Amino acid sequence: QKEVEQDPGPLSVPEGAIVSLNCTYSNSAFQYFMWYRQYSRKGPELLMYTYSSGNKEDGRFTAQVDKSSKYISLFIRDSQPSDSATYLCAMSAGSNYQLIWGAGTKLIIKP
Amino acid sequence: EAGVAQSPRYKIIEKRQSVAFWCNPISGHATLYWYQQILGQGPKLLIQFQNNGVVDDSQLPKDRFSAERLKGVDSTLKIQPAKLEDSAVYLCASSLVGDYGTDTQYFGPGTRLTVL
Chain A
1 QKEVEQDPGP LSVPEGAIVS LNCTYSNSAF QYFMWYRQYS RKGPELLMYT
51 YSSGNKEDGR FTAQVDKSSK YISLFIRDSQ PSDSATYLCA MSAGSNYQLI
101 WGAGTKLIIK P
Chain B
1001 EAGVAQSPRY KIIEKRQSVA FWCNPISGHA TLYWYQQILG QGPKLLIQFQ
1051 NNGVVDDSQL PKDRFSAERL KGVDSTLKIQ PAKLEDSAVY LCASSLVGDY
1101 GTDTQYFGPG TRLTVL
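Quick mapping for you: the protein sequence lines, in order, are chains A and B. For the first sequence, the working numbering assigns the number 1 to the initial residue and increments by one for each residue that follows. For the second sequence, the working numbering assigns the number 1001 to the initial residue and increments by one for each residue that follows.
What the hints contain is simulated information worked out from the structure, not anything from laboratory work. On a predicted model such as this, the values are computed, not experimentally measured, just so you know. Don't take each hint at face value.
Derived DSS-like pairs: lysine-lysine, alpha-carbon spacing no greater than 27 Å straight-line [stated by the list, open to error]:
{"no.": "1", "chain 1": "B", "residue 1": "K1044", "chain 2": "B", "residue 2": "K1062"}
{"no.": "2", "chain 1": "A", "residue 1": "K42", "chain 2": "B", "residue 2": "K1078"}
{"no.": "3", "chain 1": "B", "residue 1": "K1062", "chain 2": "B", "residue 2": "K1015"}
{"no.": "4", "chain 1": "A", "residue 1": "K110", "chain 2": "B", "residue 2": "K1078"}
{"no.": "5", "chain 1": "B", "residue 1": "K1078", "chain 2": "B", "residue 2": "K1044"}
{"no.": "6", "chain 1": "A", "residue 1": "K67", "chain 2": "B", "residue 2": "K1015"}
{"no.": "7", "chain 1": "A", "residue 1": "K106", "chain 2": "B", "residue 2": "K1011"}
Model the full structure from these sequences, guided by the hints.
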């Protein structure tokens, strides 16, 4: 079993829909949770960062962490075609512990 | 602010040949990472440098892979000899201080390697 599980998709939704992307993990020591967005032929870029449990909102994006369920989510409101990309979750147990990555979910927003 | 630069962008070689990738991190970033991203998978850390010293190379296949970061700035990653399973995108990233919890890693566009 992988430490971080992420549905590879693709997930195809119409423009304007609310998108929910998720990751589950097995290591209860993870404290830092990130979402990266990766466009085709580009490197990943940090989208959202959350420490421990709770919600964090930034514009159309909301990140949620439920440590009791070992489950993290990224919500995208009013999705746009420009949101079409692969979304990778990554997490770390602490400052000196490398990031553990999900495989990424490919998201397609249809105009 | 200029981003992380990598070259070449694409490389096709035959198995058993050697190949080298180059990375120039964001100015002032002390930490440099090399990742391997196989199609359909998340990035896998190969090596982490702090200035010009190696912090973590536990997942680097040292029988064929080598990396150096001279003068604490640019870095090169070499594969010799290449195997078919080395086909992947090699990503370079940099960050200010190397704290996995709070430091943002900035990625370059990657080098797509195909081994035939």
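To see whether the hints hold, each was checked on the structure:
no. : hint                : verdict
1   : B:K1044 <-> B:K1062 : holds (15 Å)
2   : A:K42 <-> B:K1078   : holds (21 Å)
3   : B:K1062 <-> B:K1015 : holds (17 Å)
4   : A:K110 <-> B:K1078  : violated (41 Å)
5   : B:K1078 <-> B:K1044 : holds (16 Å)
6   : A:K67 <-> B:K1015   : violated (45 Å)
7   : A:K106 <-> B:K1011  : holds (25 Å)
Going through the hint list in order, the structure does not satisfy hints 4 and 6.
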